[in-house]
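Engineer: The chain contents come next:
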Amino acid sequence: MSATTTEPATAEPPRLDAFLRFVVRARQANMFLVLVLALFVGLVFGGIMIIVTQPTLLTSWSHFFSHPGGTIASSFNTVWFAYEELFQGAVVNFHSLRLLIDDPSKVTLATALIPLSGTLTYATPLIVAGLGLAIGFRSSLFNIGGQGQVILGGVLALLVGFSFHLTPVLQVPLEMIAAIGGGALLAGFAGVLKAYTGAHEVIVTMMSNYTMIAVLGYLLIQPLFARPGVLDGASKAVGVSGQLPYFFSHLNAALLLNVGFIIALVAVFAVQWFFTRSKTGFELLMVGQNPDAARVAGIYSKRSIIICLALAGGLLGLAGMLELTGVDHFVTPNFGGSYGFDAITVALLGRNKPWGVFFAAIFFGAMFTGGEAMQAFTPTNIQFSLADVIQAVVVFCVATPALLVEVFHLRGGSRLMNSTYAGGWV
Amino acid sequence: MKLELRGITKRFGSLTANNNVNLVVNPGEIHCLLGENGAGKSTLMNILYGLITPDEGQILIDDEVVTIVDPKDAVNHGIGMVHQHFMLIPVFSIADNVILGSEPLKPWPVIDYKAATSRLIELANEYDFEIDDPQATVEDLPIGAQQRVEILKALSHEASVLILDEPTAVLTPQETDAFMVILRSLKASGKSIIFITHKLREVLAIADVITVMRLGEVVGVTTPKETDERGLAAMMVGRDVNFVVEKLPASIGDVVLKVENLYVEDSRGLTSVKDVSFEVRAGEILAVAGVQGNGQTELVEALTGMRHPSSGHVTLNGVDLAGESVRRFLNAGVGHVPEDRQRYGLIPSLSISDNLVLDQLDDPRFRRRFGRDLKAIKANGIQKRESFDIRSQSEESPVGALSGGNQQKVVMARELSRELKVLICSQPTRGLDVGSIEFMHRQIVDIRDSGVAVIIVSSELDEVVALGDRIAVLYDGEIQDIVPPTASREDLGLLMAGAGKAKVNA
Chain L
1 MSATTTEPAT
11 AEPPRLDAFL
21 RFVVRARQAN
31 MFLVLVLALF
41 VGLVFGGIMI
51 IVTQPTLLTS
61 WSHFFSHPGG
71 TIASSFNTVW
81 FAYEELFQGA
91 VVNFHSLRLL
101 IDDPSKVTLA
111 TALIPLSGTL
121 TYATPLIVAG
131 LGLAIGFRSS
141 LFNIGGQGQV
151 ILGGVLALLV
161 GFSFHLTPVL
171 QVPLEMIAAI
181 GGGALLAGFA
191 GVLKAYTGAH
201 EVIVTMMSNY
211 TMIAVLGYLL
221 IQPLFARPGV
231 LDGASKAVGV
241 SGQLPYFFSH
251 LNAALLLNVG
261 FIIALVAVFA
271 VQWFFTRSKT
281 GFELLMVGQN
291 PDAARVAGIY
301 SKRSIIICLA
311 LAGGLLGLAG
321 MLELTGVDHF
331 VTPNFGGSYG
341 FDAITVALLG
351 RNKPWGVFFA
361 AIFFGAMFTG
371 GEAMQAFTPT
381 NIQFSLADVI
391 QAVVVFCVAT
401 PALLVEVFHL
411 RGGSRLMNST
421 YAGGWV
Chain A
1001 MKLELRGITK
1011 RFGSLTANNN
1021 VNLVVNPGEI
1031 HCLLGENGAG
1041 KSTLMNILYG
1051 LITPDEGQIL
1061 IDDEVVTIVD
1071 PKDAVNHGIG
1081 MVHQHFMLIP
1091 VFSIADNVIL
1101 GSEPLKPWPV
1111 IDYKAATSRL
1121 IELANEYDFE
1131 IDDPQATVED
1141 LPIGAQQRVE
1151 ILKALSHEAS
1161 VLILDEPTAV
1171 LTPQETDAFM
1181 VILRSLKASG
1191 KSIIFITHKL
1201 REVLAIADVI
1211 TVMRLGEVVG
1221 VTTPKETDER
1231 GLAAMMVGRD
1241 VNFVVEKLPA
1251 SIGDVVLKVE
1261 NLYVEDSRGL
1271 TSVKDVSFEV
1281 RAGEILAVAG
1291 VQGNGQTELV
1301 EALTGMRHPS
1311 SGHVTLNGVD
1321 LAGESVRRFL
1331 NAGVGHVPED
1341 RQRYGLIPSL
1351 SISDNLVLDQ
1361 LDDPRFRRRF
1371 GRDLKAIKAN
1381 GIQKRESFDI
1391 RSQSEESPVG
1401 ALSGGNQQKV
1411 VMARELSREL
1421 KVLICSQPTR
1431 GLDVGSIEFM
1441 HRQIVDIRDS
1451 GVAVIIVSSE
1461 LDEVVALGDR
1471 IAVLYDGEIQ
1481 DIVPPTASRE
1491 DLGLLMAGAG
1501 KAKVNA
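If you read the sequences in order, they're chains L and A. To convert, note that position 316 of the first sequence is 316 in the working numbering; the numbers rise steadily by one, no gaps. Convert by adding 1000 to the 1-based position in the second sequence; the result is the number in the working numbering.
Take these hints with a grain of salt, some might be off.
Said to hold, decoys possible - Partner residues are not named here, just some residues of chain A that face chain L (Cβ under 10 Å, in silico): (1) T1053; (2) G1057; (3) I1347.
Said to hold, decoys possible - Once the Cα atoms are required to be at most 30 Å apart in a straight line, the calculated DSS-like pairs of lysine-lysine come out as: (4) L:K302 x L:K236; (5) A:K1199 x A:K1225; (6) A:K1421 x L:K302; (7) L:K279 x A:K1247; (8) L:K353 x A:K1375; (9) A:K1375 x A:K1421; (10) A:K1106 x A:K1072; (11) L:K279 x A:K1378; (12) A:K1378 x L:K353; (13) A:K1258 x A:K1199; (14) A:K1258 x A:K1421; (15) A:K1002 x A:K1225; (16) A:K1072 x A:K1187; (17) A:K1225 x L:K279; (18) A:K1247 x A:K1002; (19) A:K1225 x A:K1187; (20) A:K1247 x A:K1421.
For the record, the hints were derived by calculation from the structure and aren't laboratory data. Beta carbons: idealized from backbone N, C-alpha and C, even for Gly.
From just these sequences and the hints, can you work out the full model?
Structural biologist: Now the structure itself:
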């Protein structure tokens, strides 16, 4: 392949030669390229989905041979418009941006950036939850109990949140401790069961989800938690001193980005350090990759299993706390939603690397907030699920680089394919 | 059938794994392919079997060029391969494994198990294989029998050329003898055999023609009549090889490790080490000889804390460590080079540098405030890679990409970098090439001379005799006798077969 591209280059002018060499080198498979291509494939696939789900467009395709130009143009326009809304809803609003440039007195930069703030706010708990899952995967442990740990973390943070009225500097850390401790205990218990009885962590953690959903339902009808006079199952709210402060709400009340994002960033650095530098992190990696060799090296794998799951659970508990104190400030029976499971995909998309998880979560946030905008603002009412479709295709492509390597004829792809995402189901 | 490989060249990036290799295998010939790890033997055989496509060259069968791009093509052309790591399904019976992929069917699409069994028995009779029970589950069979199943599987596909990739690496001496008989009977029935191995003694015993490879090229074609072990080794390595381990008489010190009345149970709860007692002194090598499976594994596990003995004492410098954790054993100064280095000694996905500190995470040399000192770990990797001549792209290469010899060097380098009182090496040179064996033996003798007590567990009689200052022979979990290395091979053989001290002396 490379031979055919470089061969004619010798006869061409040097600039083209350089360009061809660049193309050849750019086809060298690496993770960045895979991500770009995955996004490309996702958008193309999403575009096809838009076309086949719009009745008007489909009718125009039936006249394709009489008006090919019109058909393609109208299809392209619809897709383009949808993606424009998706982007504006997720990152920045072009309209306000233009107003801002024309007449800065009418609109502030803050207004233009509301979508980005929404994306990052949505991503915040997901970053931390994804980190928790990544810790488990790197050690070959599959923690399915994210949802339960998020709920327990949220509930304990709520308890601290409405019981005390200290200063935020004291109360927020207290909530964090309660949430991390709760998640760590719940997941750590699964670790104890696995280490001492061999009970598989997938089963135990998955069951703990249902337990926690039931516990949440029970708590919400108890006088201690339930909000007086409300029948929809909402809990009391966290006091102002227990809420994560917003950064920019003084500029615009819709800017909901809060201190939680900084906590998530700190968590990314901490997990990064944990895996590269810390002794325990390295031990977990050893046990995950080869438990037999770890044992010969004197590492007590029972302890490692428990520590690993407890750390993962602690991060998921923290995610629950960030969701509670940063966004809603109270709990409903649906609290936690699909964070526990989305986090699995986020960890996968981020290839279990801390910064990978960070950007994967932001991508998820963008697809969520952008998807809502797309559904609301496109005239033909393109469904929110389209964002899910794009997201799914991207995840699928990143999870199977072999596919992209094959389709785009990337060079040196075997290295990518061999890299592991999660160890076996030990 | 005559097989010929002509001008085979295969490059992987900048590495040339095979360079213009020619090989001719005549019908009814046992053709040994000899070479160090990484000499290109496996690449060549994988090309022949269709697992790798060559960059240049041709494969000829009966002087006609054939295309083999898939193992299926190879099988259709009558080429069968028995891999070093068996490709059997452990929970299936022998018969099921043999018919796998070419199941005989009844007139309707249901497997005809009766036909399968009778075909298996027919095949076994044809080649004089002992198959007691075609319905026996493969995982219950000893390794030697599993290998016979692999060979039967290849034969059932009507292979006329059999590629055997290091078939004897996993066999006990007795199984190896039985294997040689099988090879001769295959040859007698007109099959050609390509036999890949490191073991010079076997090559000289069985080969008709020997092709020696080095660094991807054929460096010589010879026959057992024209050469000897020394000549073959020199061809393989490219220089003269020292077969006799040079060592001065041991300067023996105090007792370091004392094992008393040790009983150990294996994973099935059977007592596999029975009433074992011995002492090892500083500066001596105690070699534990015995056929694989006579309690060596459990003994080593008990001496390194991996397995808790059911009774008895393991005393190191006066402290009884029996039943303590692996960590305690390591901290007390026990070095351990495990039997299966890939499974127990290394983490293949991690770098050489990381693997060099696996059991030294607490060592202050590799710690910095709260975390690991990555700089020191890298520096250690660079230094050890240099001093142990670990051949790799860099100290950051994953250990899984290294050859067996280089992997063993990593394990050895790691264990020797701790403060040792006792070094326990289990099968230290299994599967290694001549050059690496020489290197390992040198290291072991050096560490002995520095005053460490050394225990070698090996099923290679040559190694036991060459290294041991005293030889303990293990049979059925008991020490038959502890003899000096001057004992005759016959006596050692009798002890290994459980004849006992009395008979040997009589």
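Engineer: What's the verdict on K1247 of chain A and K1002 of chain A, does the C-alpha distance respect the 30 Å limit or exceed it?
Structural biologist: Not OK: K1247 of chain A and K1002 of chain A at ~48 Å, beyond 30 Å, violated.
Engineer: Just to be careful, I want the Cα atoms of K302 of chain L and K236 of chain L compared with a cutoff of 30 Å; is the pair within it?
Structural biologist: 40 Å, violated
Engineer: Hinted pair, alpha-carbon criterion (30 Å max): K1199 of chain A, K1225 of chain A. Please report holds or violated.
Structural biologist: 17 Å, holds
Engineer: Are K279 of chain L and K1378 of chain A close enough, with their CA atoms no more than 30 Å apart?
Structural biologist: At roughly 16 Å apart (the allowed maximum being 30 Å), K1378 of chain A and K279 of chain L satisfy the hint.
Engineer: Starting from K1375 of chain A, check that the Cα of K1421 of chain A is at most 30 Å away, please.
Structural biologist: 28 Å, holds
Engineer: Check whether the Cα positions of K1258 of chain A and K1421 of chain A lie no farther apart than 30 Å.
Structural biologist: Given that 30 Å is the threshold and the Cα spacing comes to 12 Å, the pair holds.
Engineer: Straight-line Cα separation of K1225 of chain A and K279 of chain L no greater than 30 Å?
Structural biologist: At roughly 58 Å apart (the allowed maximum being 30 Å), K279 of chain L and K1225 of chain A break the hint.
Engineer: Measure nothing beyond the straight line between the CA atoms of K1106 of chain A and K1072 of chain A; if it is 30 Å or shorter, mark the hint as holding.
Structural biologist: Distance ~24 Å between K1106 of chain A and K1072 of chain A Cα, so the pair holds.
Engineer: Taking only the CA atoms, is the gap from K279 of chain L to K1247 of chain A under or equal to 30 Å?
Structural biologist: The hint is violated at about 40 Å.
Engineer: With the threshold set at 30 Å, check whether the alpha-carbon distance from K1247 of chain A to K1421 of chain A stays at or below it.
Structural biologist: Satisfied, since the Cα-Cα distance of roughly 20 Å is no more than 30 Å.
Engineer: Hinted pair, alpha-carbon criterion (30 Å max): K1225 of chain A, K1187 of chain A. Please report holds or violated.
Structural biologist: Given that 30 Å is the threshold and the Cα spacing comes to 19 Å, the pair holds.
Engineer: Does the alpha-carbon distance linking K1378 of chain A and K353 of chain L stay inside the 30 Å limit?
Structural biologist: 21 Å, holds
In terms of the numbered hints stated before, the structure departs from hints 1, 2, 4, 7, 13, 17, 18, listed from lowest to highest.
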